[in-house]
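Colleague: Taken in sequence, the protein lines are chains A and B. Reading the first sequence from the start, the letters are residues 853 to 1260 in the working numbering. Reading the second sequence from the start, the letters are residues 853 to 1260 in the working numbering.
Simulated from the structure, these hints should not be mistaken for lab results. All residues carry an ideal CB built from backbone N, CA and C; glycine is no exception. Be aware that a few hints might be false.
Said to hold, decoys possible - Simulated crosslink set (DSBU-like; lysine-lysine; CA at most 30 angstroms straight-line):
id, chain 1, residue 1, chain 2, residue 2
1, A, K881, B, K905
2, A, K1217, A, K1061
3, A, K1253, B, K1253
What the hints assert, rightly or not - If you want the footprint, here are the derived chain A segments under chain B, 3+ residues with CB under 8 angstroms:
id, region
4, 933 to 939
5, 969 to 982
6, 1000 to 1014
7, 1162 to 1171
Number of protein chains: 2
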Amino acid sequence: MAVNLSAPTAEALLAVKGIRLATASAGIKKPGRQDVVLIELAEGTQTAAVYTKNAFCAAPVIVAKQHQSSEASRYLLINSGNANAGTGDVGLLAAKSCCQAVADVANVNEASVLPFSTGVIGQPLPVDKISAVLPEAYSRLSEDNWLAAAQGIMTTDTIAKAKSVQLKLDGKTITITGISKGSGMIRPDMATMLAYIATDANIEPAVLKTMLNNAMGQSFNRITVDGDTSTNDACVLMATCQAGNAEIKQISTAEGETLQEAITDVCRYLAQAIVRDGEGATKFITINVEQGQSQEECRQVAYTIAHSPLVKTASFASDPNWGRILAAVGRSGLIDFDLSGVSIFIGDVCIVESGQPENSYTEEKGQAVMAEPEITITVKLNRGDAYDQVWTCDFSYDYVKINAEYRT
Amino acid sequence: MAVNLSAPTAEALLAVKGIRLATASAGIKKPGRQDVVLIELAEGTQTAAVYTKNAFCAAPVIVAKQHQSSEASRYLLINSGNANAGTGDVGLLAAKSCCQAVADVANVNEASVLPFSTGVIGQPLPVDKISAVLPEAYSRLSEDNWLAAAQGIMTTDTIAKAKSVQLKLDGKTITITGISKGSGMIRPDMATMLAYIATDANIEPAVLKTMLNNAMGQSFNRITVDGDTSTNDACVLMATCQAGNAEIKQISTAEGETLQEAITDVCRYLAQAIVRDGEGATKFITINVEQGQSQEECRQVAYTIAHSPLVKTASFASDPNWGRILAAVGRSGLIDFDLSGVSIFIGDVCIVESGQPENSYTEEKGQAVMAEPEITITVKLNRGDAYDQVWTCDFSYDYVKINAEYRT
C-alpha cells in the first residue's frame, strides 16, 4: 500500500566504516521474525540523539538518556514487537537488564549500551528471550547488514526504510546510511519513531548535535500520520570519524554545509518514507503554508489541515472537497485572521482566491489533482513572509482495520 | 448505528406556546426530502444565540449575526443539503435573498429573519428553489411540527434529535423543547452544529443569554466526533414569555436555578445525541479528567484522548489497548507533569495506579468494560481539584465510508 516507496536493495545500502550490525530472532511477538537488532559503534564514535517529548516516555527512552549522558555509546540494542512502555519500574529494570546482557557479551560497561523498543505498549518485555539471542547476534556483526537491520525494526511498516548517500569532503569519500521505522502513532515531537543514521565523517560532538537538530526540523518533525506522538520515539545520529576528513568544527563552512545538507536529505527521505508507508496510506500529501507572520503559525495551520479526519478521508476518496480544507484553515486558531487575503490551492489548481471562490475552478480540475497519489495543498495567508511545510497521508478503511486489529 | 439513542415520537415533543414550525421540500440535494424548515417566533420572543468561532464562518452565520443584533427575531429559516459556506459574496447575497423571501411572505422586515444552512460546503445555494416553497411552508405553520423540524435539519444524521421537558415556575407550567442536528465535522467551539431550543418561560433577555452560555459549557462545548469545527455551527435559545410566570431577572433565584438546570438538561441531551449518532459511531465514550490544576488543563487532556485516532479505533474494536490512552495523556502538553501520581481507569477498572501498571489488572477485566456500548475513561492527574468532562465516539469503518462517499 505504500505510496511511491519501494524497498531498498541490500546493494544500495552502503557500509559505514566503524558500524557493524546484526539481527536475531527472539520470538518476542511472532515466532521466526528477526526482532532483535544489535548495532556496534567503533571506539571514538560520536553520538547525538533526540527522544520523544511524550511525558509517558517508555522505559528504554529513560535508560538510553541516562546512559548516553554518562558514557560514550558503543552498542545500540533495538527490539520490535514490544515497546516496554507503560511498564513502570519493572520496565526500567528490564531495559537495564537487556543492556547488561549486551555488556556481558561484548565486554563493555552497561552504560555504553543504549536500549530501544517498539511495538505493543503495556506488556512486560521478555528479557530472557532477548538475552538468549545476544551471543548469536554478537557473533554475526557485520558492516553489510543495514537492510536486515531496517527490516528488524519494523512493526506495522510494510516496507523497510533505508537510504545511503556519499559525498566528498577534503577529497575523502564520506558515507551516510540511515534506517527508520514507523507507520502509526506518528506525530513526532522533536524526534521520530525510531531512526538511526550513521556516517564515517569526522565531526566535533557539538556540531553533530546541531546537525541532528537542524535535520530534524526539516524531516521527522514535519510529519504526521495520525497526530499521536509515540512513547518510544528516538532518533540517533552516529559519526564514527573514520573517513579521514579533517574534523568539522563548524556548520558554517563549505564542508559543514555540504555534510548538513546530505544528512538532512537522508533524514527527509526516511521521514517521508514513514508517511508514504503510513498505516493504510494510499496518498502522500504535502501541505505548504506560506505568507504567515511566523513559522509557528504556518505550522499550526499546516498541522490542523494534516490532522483533519475529514480532509484525510476526502483525500482517500480522491474527492476535491475543498470546503473541508477551508474549514480546517478557519478553525486553526490564528489571531486577527483576515480571510479576504487568503488563497488556497490543490496542486496548481486555485480553489480560493483572496477569500472568494476562484471563478474558473471546476470539479474536473479539482478531481484531476486529487486523483494523483501525491497531493500538494498550499495555503497563502497573505500576512507575512514566513513559511512551513508538513507531510501526511490519507485516512483509509485500512487505517481503521490495522488499528482495530493490531493486538489480535 | 446510533449508540443507545432512539428516535423521538411526535407525542413526546411538546408544543411551546408562541412557536410554530413547518417543513417543505425544495429538492436542494435530493428530491422529495423535507429540506427547508421555517420556525415562527411570536412577537415578544427573546432570542439568544451562539455561533461558530471558525474564521471561515458561513454566509448565513454572518447574516444571522447582523440581523440578530439589529432587530427582534421573528422567523428562523433553516435549510439542509447545502451549507452556503465558502461561497464568498455570492453566498452572502443568497442568504439575504432567502431572508427577504420569508419577509415577503410573512410581511415582516428582512432583518427579523435569521438564516441557517447545513450540508455540503462550497456550492451555490439554490435561492429560487428555497423561495418557491416558502408560501407553502408559511401556510402550514403549526405548534405541533417539532418532530418534522428535527427531521428536516438532518444531514448525515441517522436519527432525529429532540427533547421536551416540563417544569413548574410560580405554579405555571413551563415547557422547553429543543432540536439539534450534527454527526460529523463536530467539535463545537462555543456553539454546535445546529440546535434550536424554545421555552415559553418569561425571562429577561440578559438572563436568557447567560443561561444559554451556562448550558453550552455543559453540553455542546463538551462534545467531539472528529475534532473538526464546522463553518456553520449555531445554537439558538428562544423564550416566548407566554407561560405566565413572573419574569426571571436573575439566575441566582430558586426559579432561575430550576430553569437553568432544565435548559442545561435539554442541551446536554441534544449534545450527547449528536455524539451517539456520530458518523459511524458504535460506542459512546465519556472522558473524565479529575484532580487537575485548572478546568482548562483537564479539558486539554480530555480532548487529546477524545481526538486520538488510536484510542478511537481501539474503542471500535472493544480492545482495552490502554497504552494508547496513556500515550495520549502523555502528549497532551501539561507543564511540569509528574506521572508518579497519575491514575487511569476504564469504567471502574484501574489500569494505571500512581504512574505504575495496576497489579490486579487483567485483559479480561479491560475487555469486559470495553465491550460495552458506553465506555467511561477516567484520568486522575493528582495535582489539583479541577475537573472536566467531554463526550466522544469511536472511529469505525463506517466513519471512513461516510466521509469518503459524502458527495457521491
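Colleague: None of the hints should be skipped; say for each whether it holds.
Modeller: Right, here's what the structure says about each hint:
Note on K881(A) and K905(B): the hinted pairing is violated, with a Cα-Cα distance of about 47 angstroms set against a maximum of 30 angstroms. For a cut-off of 30 angstroms, the pair hint linking K1217(A) to K1061(A) is broken: about 46 angstroms separates their Cα positions. Taken as a hint, the K1253(A) and K1253(B) pair is honoured in the structure, with Cα atoms around 13 angstroms apart against an allowance of 30 angstroms. A stretch counts as covered by a chain when three or more of its residues have a beta carbon under 8 angstroms from one of that chain; for the region 933 to 939 of chain A and chain B the count is 4, and the coverage holds.
With 3 residues bearing a CB less than 8 angstroms from a CB of chain B, the region 969 to 982 of chain A meets the requirement of three and the coverage assertion stands. Restraint check on the region 1000 to 1014 of chain A versus chain B: 0 residues with Cβ-Cβ distances below 8 angstroms, three needed, restraint violated. Beta-carbon proximity to chain B at under 8 angstroms applies to 6 residues in the region 1162 to 1171 of chain A; the threshold of 3 is reached and the given coverage holds.
Of the hints listed earlier, those the structure fails to meet are numbers 1, 2 and 6, in rising order.
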